[in-house]
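If you're matching them up, the sequences are chains A and B in order. The numbering of the first sequence is this note's numbering, which starts it at 1 and goes up by one. The numbering of the second sequence is this note's numbering, which starts it at 130 and goes up by one.
Treat the hints with care, as some may be off.
Unchecked claim - Coverage of chain A stretches by chain B, computed from C-beta distances (three or more under 8 angstroms per stretch; other residues unrestricted):
(1) 26-35
(2) 61-75
(3) 91-98
(4) 105-116
Bear in mind the hints are in silico, worked out from the structure with no lab data behind them. Note that CB positions come from ideal geometry on N, CA and C, so glycine has one too.
Chain by chain, the residues run as shown.
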Amino acid sequence: MPLKYTKTVMKSFLNPKNVGEMKNPDGFAEIGNPICGDMLTFAIKVDNEKITDIKFLSFGCAANIATTSKMTEVVKGMTIEKAKKVTMHQLADSLGGLPKVKLHCAAMALKGLHMAIDDYNQKSNGKTN
Amino acid sequence: MKVYLDNSATTALDKRVLDKMKPFMTNEYGNASSIHCMGQEAAATLDNARKTVAEILNADTENIIFTGSATESNNLIITGVARANKEKGNHILISQFEHPSVIEPAEQLKKEDFEIEFIPITPEGFIDIGKFKALLRPETILVSIMTVNSEIGTIQDIKELSKITHDAGALFHTDAVQAVPYCIPNVNDWNIDYLTLSSHKFNGPKGVGIAHINRKHKIQPIIMGGGQEFGIRAGTYNIPGIVGAAEAIRLTYKERKEYIAQVRTLRDHMWKRMQEEIEDVVLNGALEGRTPNNLNVRFERVEGEAILMELSTHDICVSTGSACSAENLKTSHVITALGTPEKYMNSNIRFTLGRTTTKEEIDYCILHLKETVRRLRELSPLKK
Chain A
1 MPLKYTKTVM KSFLNPKNVG EMKNPDGFAE IGNPICGDML TFAIKVDNEK ITDIKFLSFG
61 CAANIATTSK MTEVVKGMTI EKAKKVTMHQ LADSLGGLPK VKLHCAAMAL KGLHMAIDDY
121 NQKSNGKTN
Chain B
130 MKVYLDNSAT TALDKRVLDK MKPFMTNEYG NASSIHCMGQ EAAATLDNAR KTVAEILNAD
190 TENIIFTGSA TESNNLIITG VARANKEKGN HILISQFEHP SVIEPAEQLK KEDFEIEFIP
250 ITPEGFIDIG KFKALLRPET ILVSIMTVNS EIGTIQDIKE LSKITHDAGA LFHTDAVQAV
310 PYCIPNVNDW NIDYLTLSSH KFNGPKGVGI AHINRKHKIQ PIIMGGGQEF GIRAGTYNIP
370 GIVGAAEAIR LTYKERKEYI AQVRTLRDHM WKRMQEEIED VVLNGALEGR TPNNLNVRFE
430 RVEGEAILME LSTHDICVST GSACSAENLK TSHVITALGT PEKYMNSNIR FTLGRTTTKE
490 EIDYCILHLK ETVRRLRELS PLKK
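Pulled out of the complex, with its shape left as it was, chain A reads as follows (with noise of 0.2 angstroms):
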């Protein structure tokens, strides 16, 4: 069975939002490595705790740049308590399903974004203390 990607899918892919690198992010995150097939990397602006903008950049396929995009568009202005509940499925369905064997993209997406949430709050942590 050859992958069928939505509509949706491919448009993401295309034509993905928030691509890019970010000067002093307030949180930043690299997950996966070529070897294994897919490689991300995230950086967040956070203010008052509301993720106010978000960068990424993907070598990964189809699916993978097209779930990270939808990722980013759907966290963007939302509470880091809010977008740490997003999830895979959620994710999937916005881009009207992911075939099977993608939807680990989904999943990674969000544990890099969860990996960004942490170092941000490393860091303010540490500034506070």
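Use these hints to put chain B onto chain A, whose structure you have.
Below, chain B alone, put in the same frame as chain A:
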């Protein structure tokens, strides 16, 4: 414009072949095993097709067996020869870059107390002859090495490899599915016992495999029933398919010279433009010694599937990693065997040209390939 650059996965059926097949799908539908006149006519048609194939391969007619696919031919030869010759030994050698239809039956044989070892290949994509010789032992009964590798198109010296195998007292099989018409598999001159071909790889119909089986040696069938194909492969004869396969192989060798010159020019043009117009591209395997329709290229810092999907939105068909299996998301065992650094394992695209490929199509592909690689590199966290 639809641009099909995946001719190692399958090819378009030649209309002349289809015309030859048609009568056998409608009026001339006899079963070649029937004794009556319609059966006899079908049997004569079958004999002619077998003779055509045997002449092209310079083989004995009764050694040509029609099957349902190259996968079936490979399965039959690997398991059938091993099981029937177990008293002679239990050691089988297959090259590191065989098709899964050779690797998987070999893995199956491990459960039947056979020992399977893999023959290494060089970084250029050729059998490492020294290491191959060192792996042969008195218990070795069968060696299987592809004539042309399906991913990188490198051509092996089958005559030499078969001689080394026979000198060691073992039988020799070559999967020559990607070799037609770039090489002329000469069964008697190359002195090979077993050979596999697939009709749909040379503009014939899908669903027809060809096996050359040296019937001097024992083989255990995997499909049993009505005794067709000299008892080696049961199942009602697929006469339209067999007629199509024979006509396709006849035409492809008849028109071989012109086609090879044409496809080589197009392939070289494509590679030249890629090297000149796209940064950090590397050819997997040697350029010399590969079939003139194949380019397997690494685009550093971008992921192969992303390239494939974006090209596909422009109606350009190429492939990543191993051939036709989109479900198989594992990295290619062929690219691994070449000794490619792991970080480049997921950045490869195979372009395979065919009889219908034109210069306009190549230029259209390059246009979109440049744009695709540029865009995906902008997205990539991996920097030069």
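Quick rundown of the hints versus the structure:
{"no.": "1", "hint": "26-35", "verdict": "holds (count 4)"}
{"no.": "2", "hint": "61-75", "verdict": "holds (count 4)"}
{"no.": "3", "hint": "91-98", "verdict": "violated (count 0)"}
{"no.": "4", "hint": "105-116", "verdict": "violated (count 0)"}
Against the hints set out earlier in the document, violations occur for numbers 3 and 4.
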